[in-house]
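Residue numbers (my numbering), protein chains in the order written: chain A, 1 to 341; chain B, 1001 to 1348; chain C, 2001 to 2319; chain D, 3001 to 3510.
You can trust all of the hints, since none of them are fake.
Restricting the straight-line Cα-Cα distance to at most 30 Å, the calculated cross-link-like pairs of lysine-lysine (DSBU-like) are:
id : chain 1 : residue 1 : chain 2 : residue 2
1  : A       : K204      : D       : K3128
2  : C       : K2190     : B       : K1031
3  : C       : K2058     : A       : K176
4  : A       : K177      : C       : K2296
5  : C       : K2150     : C       : K2245
Note that these hints are calculated values from the structure, not bench results.
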Amino acid sequence: MNIAKKTKEKLDGNNFLLMITILLFFALYLAGMFAFHEKGFGKPQVFLNLFISNAGLLIAAAGMTMVLITGGIDISIGSVIGMTCMLLAWMMEKKGISAGASIVIVLIVGTVFGLVQGFLIAYLKIQPFIVTLAGMFFARGMTAIISKDMITITNETFLRMAGEKINFNFITTYNKKGMAIHPYIYVSVIIAIIVFILIFLFLKYTKFGRSIYAVGGNEQSALLMGLNVRRIKLRVYVMNGFLAALAGFVFCLNSSGGFVEQARGFEMEAIASSVIGGTLLTGGVGNVIGSLFGVLIKGTIESIITFQGTLSSWWTKIAIAALLCFFIVMQSLFAAVKKKK
Amino acid sequence: MNRKKIKHITKYRLFWPIVCLILVLLFNLIKTPTFFKVSINSNGVLYGYIIDIINRSSELIILAVGMTLCVASSAGTDISVGATMAVAGAVCCSILGSGEAYNAPYFVGILGALLVAVLCGAWNGFLVAKLKIQPMVATLILFTAGRGIAQLITGGNILYIKVDNFKYLGSTLPHVPVPTPIFVAIGVVILTYLLLKKTALNMYIQSVGINSKASRLLGLNSTLIIFLTYMFCGLCAGIAGVIATSRIYSIDANNVGLNLELDAILAVALGGNSLGGGKFSLAGSVIGAITIQALSTSLYAMGVSADQLPVYKAVVVILIVTLQSPEFKKFVNHQKQKRVEKIGEKVA
Amino acid sequence: GSKNSTDSKDTSGDASSDASQSGDLITIGFSQVGAESDWRVANTESMKSALSEENGFKLIFADAQQKQENQTKAVRDFISQEVDIIVIAPVTETGWETVLGEAKDAGIPVIIVDRMIDVSDDTLYSCWVGSDFKQEGVDAANWLVEYMDKQGTGDAEHNIVVLQGTIGSSAEIGRTQGFDETIAAHANYKILEEQTGEFTQAKGQEVMEAFLKKYDNIDVVIAQNDNMAFGAIDALKAAGKTPGKDVTIVSFDAVKAAFESMIAGDMNVSVECNPLHGPRVSELAKKLMAGESVEKIQYVDEGVYPAETAEKELPNRQY
Amino acid sequence: MEKEKNIVLSMRHIYKNFPGVVALSDVDFTLRSGEIHALMGENGAGKSTLIKVLTGVEEFETGEVRTDGKADLVISRSPQEAQKHGISTVYQEVNLCPNLSVAENIFIGREPMKFGRINWKAMNVKAKELLDSLNIEIDVTRALENYSVAIQQMVAIARAVDISAKVLILDEPTSSLDESEIRKLFGVMKKLKERGTGIVFVTHFLEQVYEVCDRITVLRNGRLVGEYEVDNLPRVQLVAKMMGKEFDDLASIKKSCSNQAENVETEKVIDARGLGHTGTIKPFDLAVHKGEVIGLSGLLGSGRSELAKVIYGADKADAGSVYMKGKKLVLKAPIDAMKVGMAFCPENRKEEGIIADLSVRENMILALQAKRGMFHLINKKEQEELTDRYIDILQVKTASRETPIKQLSGGNQQKVILGRWLMTNPEFLILDEPTRGIDVGTKTEIQKLVVKLASEGMSVMFISSEIEEMLRTVNRMAILRDGRKVGELVEEELSQDNIMNAIAGGGEVE
Ligand SMILES: Nc1ncnc2c1ncn2[C@@H]1O[C@H](COP(=O)(O)OP(=O)(O)OP(=O)(O)O)[C@@H](O)[C@H]1O
Ligand SMILES: Nc1ncnc2c1ncn2[C@@H]1O[C@H](COP(=O)(O)OP(=O)(O)OP(=O)(O)O)[C@@H](O)[C@H]1O
Ligand SMILES: [Mg+2]
Ligand SMILES: [Mg+2]
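Chain A with its partners taken away, still in its complex shape:
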């Protein structure tokens, strides 16, 4: 009986979409392994690379998912990440501030940034897209104002953090030179995963978490049911600001430097991942687990294209879009079928 209920719930509406996403991911990955087996697509490291290369995106997507659930959107995160990296580099290199301090500062800056955007959206009721669009311009411009030129980070502590490998010594593969290779990940991945778990728990098991869904579902009703809609929204954008900065930090661990054009268009990737994971831009529906798979799917698509390795620049663009399209359409079709039932 209980089981039956569980399964029923699983297949209820959006959970159903989530299942589909996960299945599609495994299908895609297996396809990759099948196609590029001899090129070593099956290696554990290839899978881990998905996390290594997308640590920043994971965090950003988690934050974005929350915002989308409230029915809002935040297209400023790309620029905020860029600004964060630049600010980090600038403080450590030009101002000689210690790594720790710099990190704390950028996190604060990000949070404040979120606070301002949140205020404009929640209390002045200005459309999120516009506010965050302005935020996008602002952050990008500030990056240029901090420094037109690229700044490379040479701060040891920071670089140590960046280079800190965690080896899985219990798994061993041999490359063609017969060297033993242990799969590995970096600190950034750990951070990303922890953030993810926290947000998952937060969304499922706290009053605030649930009230976010309520606001997204129907703002008017949420208000009438006695929720403080404004404060909820404000908090969400503040949290997202913080997460954007954190993502920026993780991002910076990879790029270990700052420059004006950094992470341009990142917001789109976050939104795309989140939506592939079954989040609705109309609000009320979404789940970080989905977003996780959204990110992995995006990563896999890129890996497959790299392994394929003969596409010209423009075909790369088109191929990515085609696969993206495939997913989105698939989902909508499944959703339609589900509705019929």
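Start from chain A and add chains B, C and D with the ligands according to the hints.
Quick look at chains B, C and D with the ligands alone, frame taken from chain A:
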């Protein structure tokens, strides 16, 4: 009585957008007194900041018109217009070819471009209206692929068109003192206005945008209407693309209309339109578009470096939308009342 | 890491199906920035033709879409694919320590092309192939001074505006630096303003329009690539001036179109920035596989092409 | 009056204006503990506004609010504060979150916690019990959007009831409920009353008022008419007070009803054969003759709306077919049905009826416009004439014809929708709960209208949860039970208890 009148004026939807535009222009007048100076230069063309603003904002205006309808009907934005511009340009140039003479008649090139642009719009429309995919995501596909497709057409190289009259569309016709893009923009706006005015489309789009379920029950074909608006948006993007191409008599697939979708959306919002769909004002969007261009042109005029320009743009945008936000007005009124009450207490 | 590479040559026959199917072709993973300009496209073409099967290579090409994160990702995938050599045209100079470290651990030699990278330990890459942007800037300045002397206006006041490339790109940094430093030595050359045109014709045109309204005494335009130069030329014409005559146009890259423009008399000079890195890279790759050591820094040869040379140079431009 | 001990809520001299409308002027309202207090008035009288003002949804200009007869004023700036002050409310339009599970909708903001985290199990169990007590048998873990309006209404009530407050406000809770549901609700209300809760009850059903209420406060055009003990205010007077004029409701209809019986012609306007839609309504046969009013009755979720929607083509039938005057119809979308002269006034006003931001005029004109086609724009002048005519016929209370419909009171919105369809003067008119939330006066007007239309030869399908009004209007009644048409009752069989046991399932009819 007089006060009533003022109140009435401020109620008028376009009041704030217009005020904002005027503010931007006034600011310029103060910073650069020559701002409004318009002269005829040696090759008989109007010359001056104002002309630049209107001329440069042409593409944006055209895009904003299309975008307004998308937003209104589907409560979503078409972020692929920039890419569509590139595709249209690419098609146009590859049809006309970079020889000393056109490979095909001029109008064929233009028509081809517009046709493809409409197809792009139709694709988006299909995804949004028929498959019920969320607009921003649906258009994300073309947003990603578009420039790729454009490069595929051009082979990744910048195609130059050598025939001189190709430049006319983007610059000026011989013996005409006004840049051609301005005419095109005005044309598009007027035609769209008539289309909305003379048919029930205006009411349909709003109805569908506000409540598509109810609209269906009262006999509107929501799907078709949304589909049409996206096709139209594609067409607008196509026109804008051809103009932009003609400006530089070549197709630079990577940069034509880069990030213009954002400005277009911004224009719609600055025009006092809600991105939540429903009621809309075309004029508002046009004003919004001009405001944006006025802003960047004037910032250039002040020698703000292009990479810092966004900061100022952001600040102004926020100021404008804050001015427009009803909540803000409420807030202000409250303060006024409070002050009045305080004074009252003091008196007592 | 010459030792590793020699090993790999010996074992490659049996150890990996990858090598066996491609005979003893040298597998090269090439991570390109993107296709953001003609120059880039020409660069990619040159690589692809030089690193072809008949030349004994198996090229794995990855386009980074101008995003560094994609590039590091691609390099990691190359490592998992166990390519013999990794070639990188970096999007940016920073952020290479970790990933190149991984390449080193896997014993895969790395060749950097075009932009330089900025790493604390330069054993992370075997060598660099590219242009000397600063030198280009210097050449441009010197040519300008010479030219003005020839015109007999050597000591007259000259007012210069500079259309810079995308801020922060090494081309922009190098060319600005080289030019500014050299021109600074001549007091009568005055730089009115430097503004970025982001390497595109449209922006170049827009910025130039703004310049023309601000200053009425501009007589030299430095455009840090040809596309911006074209934009500037249009703006000048629209403003009723004649570029090439009363305004001197100095440009960079020297793409085909630039030569045509010079022949038309609109442009005065274009300083070459040679994208044809393919041949050099292929020969380096062969050397590295053979375990030979190579020059760390390798500049490609580049020239300065004033208008008068355009006629006879045009036919033998490939891009 | 101020002396009274057990006052839980007192509002004095409340003023509230909306642009162009005086919603409330100098209204007093007093609620005592352990009483059920009816708030009566025509559509647009200001009932909902009074409630919204009290619960902080809208701000009022002047006036004072006190709770527990205490001296100090309480002003709730938001529903949240209102809840803090012990006021819990069910608003007129269902206000819940469709995306959340039923259980969450009941407990959002006050979820049971355990180790600092939400205790889902406990929450679901509690929710189940709560709904069972109102005997609604549904899966509380499913999203609310899966259930019909009626169910949603019950959930809203369950939520409000569970917030055990000093004051419980119910704004037209019964409008979408059927008999049995209403019984349950009254049961609960009585319990709460014994516990000393003060209940404000807004409704347009007089008999309900006389059944459960102790006191009545009557509003008219935003002004207070007076407060009365139920016992010394007979119906007729109450109605008179609400409408401000004498009124005898039912006699007239009965008459027209009977003489209309003759002119039912035999031509089948609509003839559904084996029509069905998997999941909602099983295949059924149903014929509607010219000038006939056919009623549908059944319990909640018996599929009345579904049946109507299938005929109208809103849900695409996957079995059987519809014939109009012997001609087979292909209905791909509602417009097809409209083209052949059908009209459908949906039950869920908010979701399927109004176009909130558009003006009254546009809302009325749209259907006709759609029928005429996009390129035949009805000119402004004609639009205005038509609108004004129907505003007049239906006595819509609105500031102007250009007022956004969302600013109208619930009942008046309903009238506008009705007007929308009458404009298209259809041959076959489907009314799904047309009188939901409409005041007595207008209700009888509408019933009269229906009968009149029928006598002029229009065929009408009339769906209502209120059996009396069906009895008054219909010639024939189809009975539905969980998605199946179980039979029909004609003229002589039409009686309260016949229908009742047919619905309740006293075996097949006929
Ligand atoms: N948001 C609003 N803006 C403008 N006018 C409004 C608004 N809300 C209500 N009104 C007006 O206030 C008056 C009272 O409306 P209210 O909803 O209180 O009536 P009601 O008594 O609840 O009617 P019903 O029985 O139909 O629910 C109506 O004339 C309505 O048009
Ligand atoms: N008591 C209930 N339990 C479970 N589901 C219900 C219940 N009532 C309604 N539903 C859902 O609503 C659907 C039909 O409801 P619908 O409203 O159309 O019936 P109805 O006869 O029109 O009742 P009403 O019009 O009074 O709401 C059913 O198929 C079912 O999914
Ligand atoms: Mg009401
Ligand atoms: Mg119903």
